[in-house]
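Engineer: Residue numbers (full-length UniProt numbering), protein chains in the order written: chain H, 1 to 342; chain G, 1 to 342; chain X, 1 to 342; chain Z, 1 to 342.
A portion of the hints provided could be inaccurate.
Put simply, identical chains are the same to the list, so a pair is met inside one copy or across any two.
[Stated by the list, open to error] With a Cα cut of at most 25 Å, we get these calculated DMTMM-like pairs of lysine to aspartate or glutamate:
hint: 1; residue 1: 86; residue 2: 335
hint: 2; residue 1: 327; residue 2: 135
hint: 3; residue 1: 77; residue 2: 300
hint: 4; residue 1: 227; residue 2: 79
hint: 5; residue 1: 263; residue 2: 46
hint: 6; residue 1: 327; residue 2: 29
Derived from the structure by calculation, the hints contain no laboratory data. Model, not experiment: these values are computed from the prediction.
There are 4 protein chains.
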Amino acid sequence: MRVGVLTGGGDCPGLNAVIRGIVRKGVQEYGYEFTGFRDGWRGPLENRAVRLDIPAVRGILPRGGTILGSSRTNPLKIENGIRRIKETLAKEEVGALIAIGGEDTLGVAARLSDEYGVPVVGVPKTIDNDLSATDYTFGFDTAVGIATEAIDRLHTTAESHMRVLVVEVMGRHAGWIALHSGLAGGANVILIPEQRFDIEQVCAWVTSRFRASYAPIVVVAEGAMPKDGQMVVKDESLDSFGHVRLSGVGEWLAKEIERRTGKEARTTVLGHVQRGGTPSAFDRWLATRFGLHAIDAVRDRDFGKMVALRGTDIVRVPIAEATARLKTVDPALYEEVGVFFG
Amino acid sequence: MRVGVLTGGGDCPGLNAVIRGIVRKGVQEYGYEFTGFRDGWRGPLENRAVRLDIPAVRGILPRGGTILGSSRTNPLKIENGIRRIKETLAKEEVGALIAIGGEDTLGVAARLSDEYGVPVVGVPKTIDNDLSATDYTFGFDTAVGIATEAIDRLHTTAESHMRVLVVEVMGRHAGWIALHSGLAGGANVILIPEQRFDIEQVCAWVTSRFRASYAPIVVVAEGAMPKDGQMVVKDESLDSFGHVRLSGVGEWLAKEIERRTGKEARTTVLGHVQRGGTPSAFDRWLATRFGLHAIDAVRDRDFGKMVALRGTDIVRVPIAEATARLKTVDPALYEEVGVFFG
Amino acid sequence: MRVGVLTGGGDCPGLNAVIRGIVRKGVQEYGYEFTGFRDGWRGPLENRAVRLDIPAVRGILPRGGTILGSSRTNPLKIENGIRRIKETLAKEEVGALIAIGGEDTLGVAARLSDEYGVPVVGVPKTIDNDLSATDYTFGFDTAVGIATEAIDRLHTTAESHMRVLVVEVMGRHAGWIALHSGLAGGANVILIPEQRFDIEQVCAWVTSRFRASYAPIVVVAEGAMPKDGQMVVKDESLDSFGHVRLSGVGEWLAKEIERRTGKEARTTVLGHVQRGGTPSAFDRWLATRFGLHAIDAVRDRDFGKMVALRGTDIVRVPIAEATARLKTVDPALYEEVGVFFG
Amino acid sequence: MRVGVLTGGGDCPGLNAVIRGIVRKGVQEYGYEFTGFRDGWRGPLENRAVRLDIPAVRGILPRGGTILGSSRTNPLKIENGIRRIKETLAKEEVGALIAIGGEDTLGVAARLSDEYGVPVVGVPKTIDNDLSATDYTFGFDTAVGIATEAIDRLHTTAESHMRVLVVEVMGRHAGWIALHSGLAGGANVILIPEQRFDIEQVCAWVTSRFRASYAPIVVVAEGAMPKDGQMVVKDESLDSFGHVRLSGVGEWLAKEIERRTGKEARTTVLGHVQRGGTPSAFDRWLATRFGLHAIDAVRDRDFGKMVALRGTDIVRVPIAEATARLKTVDPALYEEVGVFFG
C-alpha cells in the first residue's frame, strides 16, 4: 500500500519526528510506500508530491520545522477542493492519508473521513497544547522549556535591580505555556487568556513583591486581556492568514505598570523563538510514538481516528470528537498555581 | 499544626521544588509551621531539625539537590529506630510528616504509617522512573534531557568517522532513561536491564549500521547485562551503602565490539552529571504540584498515602501499594522502540 | 591590609566570579582581609559594608548578578561625595579599593585615584563590550551566546514560513552583540548603532532573500537608527537613571518592513534575558582572571590601573586612558561581515 | 580561478563555518569557483572532488562535523603522494588550495608549499587549542563549554553527598580544556599532561576539601599522568590511526582515591561528546573569520601562510612556523589557577 503524509498549520518542534516514526515503521514492518504531500492541504490539492523513504527521513529527528513544508490552506473553502484531493489520491494510488496538524488541519481531516469516506488518520499538533482528547501535544514541552530558561535568566536582574520584568509568551486562546513556564520559572504573576486580569490586582502583586526586596516577574500569554474598561490599545491588523493580530499585551502591561506603580518595567517578547529549533527529549519521544501508532492505525484500517496521549499510553480517538472544543486551563488549576502569585 | 519534611535517598533534580511547594501552600493557605529534618531518616532519628519557612524556600526552585540534605539511613534497621522517631516528632510537636524519597524511604514511610500509626504522607522520588503507581517521577525528565543532548552531540562524530560510540546511562534495575534518551537521541541500539542482551546481535546491528555509511550509537543502561556465557567482568566492590557496584558495562561493550567487529569504539560515561543541576521545566512543574498536593493530603488527614501522577492529574494512592513492585520497561514497549535498532 | 570591593552599573554575568577571584587569592596568598561595599559607590558613601571572606564567596562562580548589589550612584555629583568616601575608607581601615564597573564607575575610580589620591584598582565591566583598552569584557560572550541561540531557533521558522523575523538585541551605542550574534546566528541583515541604516536597503535585502526561498532574519541593536527622514517614532521617556529610553526599533522595523514589502514580519525582543543567568565558560575564565590580577595590582601598589585582556594575557592600563573613548565597531569589520547580508 | 578546499584530522565544531566563510566571500566578492576535496588529503590523492557553491554551504554554519569529510591520510607517507596531488590539482584546474586542519594536516601543507611550490593557505584546527601562533583555535570554546556544563551539574552531588567526583576531559598533550573548564566549573583539582601529578597531593586536596563539608570535583585531562612509581595501568592498544590509546586515567584516579582516602569516588568520561554538535557563538565567529581571511590570502597570493587569531585581529603567519611546536600550558598560568585547588 501507498500512504500519504502531510503537515499543516504553524511551526511545531517534533513534526519531523512524527514523519520519521511513520516512515520507519511503515517501510520496515509493513512494507508500505510513502508519498509526502508538500505544504499541508495544498499538497494533495495541487499534487505537490515528494517521495518519502528511509533515506529521506534520516537525520531529521532532532530538527525543528517540517521537511514537508506547511500551509494554512483549507480545501473546504476552495472550489472542488475535496474532489481535487480525491483525484490526487487516486492518481497517486494513495490508499490512506495521515494528516498531522492542529484544529484546522484535523477539522478538514475529520470531514474528509466522515463525510467523504477518505481513509484518514490524524496526528494532533498544537504548540499551545489546547487540543482536547490528548494529555499533551508535542512541541509544547519545548516551548515551555525555552520560556522557562528565559525566565530563569531574568531572576538575576530581579535580584539585583528594582525593575518589573514582563515576559510575553505564546498562547492566543489558552494559557498553558504561560502557566507551565510561569510556574517552572517561579514567576510572581501569570496572566492567561482564559481569565481577564485586573490591572489593579497585578499592580498590587507587583508592589507587594517589591516589599520582599525582590523585583517581580510577570508572565503574560499573548492572548491575555485586561478587564473591560482597562482595555489594551491593540494593533488590529490582520495577518496573512486572516487572523486578527493582537500585538503588544506585554509592552502594554509594562507601560501600565510603570504608570500605576512608578516602578520601571522592561519587556521580553520571545515570539517565534518558542516554536523553533530542536525538540526537547519529551517531545521527540511523544512525536515519535505518535508516528508509530498512526501507521499502526493505518494498518488496522482504523480510519477517522486520531492518536492521543493518555497517561503513558497512546490511544485512538475519533478525530471529530478531539477537535470539538478547545482545551483551556481549568480555573481550579489556575487557582492551584495562584498560591505563588504576589 | 507543625509539619515535618524530610528527603531521603540519592540526588534528584526537583527535590527543592517539592519542599517549596509544600511550604508555600502550607504557610499561606493553611497557616502551618514547618520543621525540616536533615539527612533523610537520620533527621528525626537524631533530631536534626531546621526551621522551614517562606524565606528558607526562596530561590530554591531551579536548584538541584536538596536543601535538607539526604541519607540512606533506615530506621527499621536501627535499634529503637521507630521509638526514637516518634519521640522526636512528639518533642518537636510535629503532627504530620511528609517523606520525599524512593523505594527505601517510602518503604519506611509505609511501615511507620501502617504499623506504628505515624501520620505520614509520601512523595515519590526516583530518577530512574521505576516506581509503580505514578506515570512519571520528577528528575527523570531532566536526566533524559541530559543524556539526549549528549547523544545528539555524538551524531556529529558518527557522521564523520567510522567509530562505534557507546553511551552508558543510569538505570540499575529499569531501563527507562536508556529507552527514552536512546529513542529521543536516535540511537541505533538500546540495551536495558530488563532484557539480557546478546552481544552477537549487538555486533550484527553495529555492522549493518556501518553499511549505511554511518557509525552506530549504542545506548546502554548501567544495569544491562549480556546473556549468560557472554559475561561482563565486573568490579564487584560494595559501595558505602552496601550496594554491589557494577561498573563498566559501557567500557566492556566498547572493547567487546572492537574485538568482535574490528571497528574502533569509544565510550561516554555520563555518571552523576545526569542527576545534578537545574531541573527541567517539566520536572519543576511535576515536583511543585507533588508538593502542593502533599500538603493538601496533610490537611485532609489522608495519611498513609502518596501523591502520584495519572495523566495530568495528581492523585493519592496507598504508599504500600505504590512501592510493592518495581516499574520496569514493558517488553511490548521495548519492541515498539526496537523498530529503530540497527 | 584590608581591601574594599564594590560593583557598579548594570547587570553583567561574571561579576561574582571577579569577586571570588579577588577574595580567594587575596586571603590565601596575601593574607588580606576584605570589606564589600554594597550597591556601587553608594556603599562607601553611606558606609554600607559587608564582610567578604572565603565562605562568603563559596558557590558564587556560576551565579549571575552580584552578591554586593549595584547602583548607578555617582559620588562626583553628590555633595562632599569624595570626602565621605575617604572618611569611610579611613574609618573602615580600607587601604585599597577595587572598583568593578563600566564607563561611569571607572570614570569615578579614575578621578578618585588621579585627583584625590585614593588607592584604586579598576576592573572593566560592560556587557556591550564597548570599553577601550581591553579585547573583551566579561558578560559579552554570555549575551552573544543567548542571542545566537535565539536566532538559531528562528531559522526553523525562516525555513518553513514566509515571514521576516526581526530580533532586537542589546547595544545602545555599540553594535558588538548584534554583530557577533548576527554573524554566529547566520542573520541576513545586521543593523548597528555605529552606522545609520537605510530602510530601503534593508527591504531590498529582505526581498532578495525571499527569492532564495528562505525568509530573512534581521538582527538589530536597540540603538540602531534609520537615516534621517526615515525616523523611528520613539518613546522618549527617561528611565530612572536619567537615560533616554529608546524603545522599539525592533517593532518599528517589523512594521516598516511589512508596510514596504508586503511580507509579514515578527519581532523577538530579548531584553534583560541577555544579561542574566549563569555566565559562559569564557566569561567565567576572563572574570576570574581579572579578579586574580586585580588583587595582584593591589599587592604591587599599582594604583590608578585597570586590568585588561590583550590576546590571552591580562595586562594593566591606566584607568583614565581606558575609559577615554567608547570602543565602537570598526567600519572595516562591519563591511567584512556584510558579505553575509541579503 | 578555481580554489580547492579540504578538511583533515579529527572532528571539531566550526569546520563547516570555515568552509562557508571561504565560499561565500570567494564567490560573491572575487568570483572564484570552488572544488571540495573529500576526506582530507585522500581527496586530492584520489581525486575525490565535489562541487562547492553557495547552495552547498547553505545552513551548515551551526552544524558540527564537516560536509567534506575528513581523514588522517598523510600524502608524504604514500608513494608518489605529492605527484598525485599535483596531478589532481592540475587536472581539476585548481589554482590554490586551502587546507583546514591540525598539526599533521598543516605539516603536509607547509611542505607542499615550501618544498613543492603548491599554492596552499592553511587554517588551523585543533580542539585541544595546542597550536602555536594563534591565540585560540575554533572548537576549543565549544569543548570547554560542554565540559563546564557537566562540572556545573556535578556540584549538586558534591553539595549533597560525600563522594569524590572525577571528570575526564580531552587533552592528550596539552591541558587547555582541563584548565579552562576546571577553572570555569569551580573544580578543586585540575590535572594536566604538562605536569605529572602526585597522587598523594591529589588525595591531600581531596581530604582537605571534605573538611569544608563539601565533596571535591577533580578534572583530569586524558593525557595527565602520575609521577613515576605511581603509574597508571594503561590499556596500550593502538587505535586505527596508529596512536597509542591511553584510556582510563579518570577511572584509575577514582579507584586510587577510593583506596587511599576511603572515600567513594565516581567518574564521568565525556569522550566524543566534547567534540560534536553545534559550535558555540565564539567558535562560529572565529571559524567564519578564519574562512573570510583565508580566501583573502588566496586573493593576495600570499601562499604558505596560515590565518591566526591575535587579540581580536586575524593575521597571517608562515604555516611552518605555526606548527613548529606544541602550545602547552605555561607553568605560571597553571600556578595562577592553582589558587583554587584543595
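Engineer: All hints, please: hold or fail.
Structural biologist: Each hint tested on the structure:
no.	hint	in the structure
1	86 - 335	neither (48 Å within a copy, 36 Å between copies)
2	327 - 135	both (10 Å within a copy, 21 Å between copies)
3	77 - 300	neither (31 Å within a copy, 55 Å between copies)
4	227 - 79	neither (42 Å within a copy, 48 Å between copies)
5	263 - 46	between (56 Å within a copy, 23 Å between copies)
6	327 - 29	neither (35 Å within a copy, 28 Å between copies)
Hint compliance for this structure: hints 1, 3, 4, 6 are broken, all remaining hints hold.
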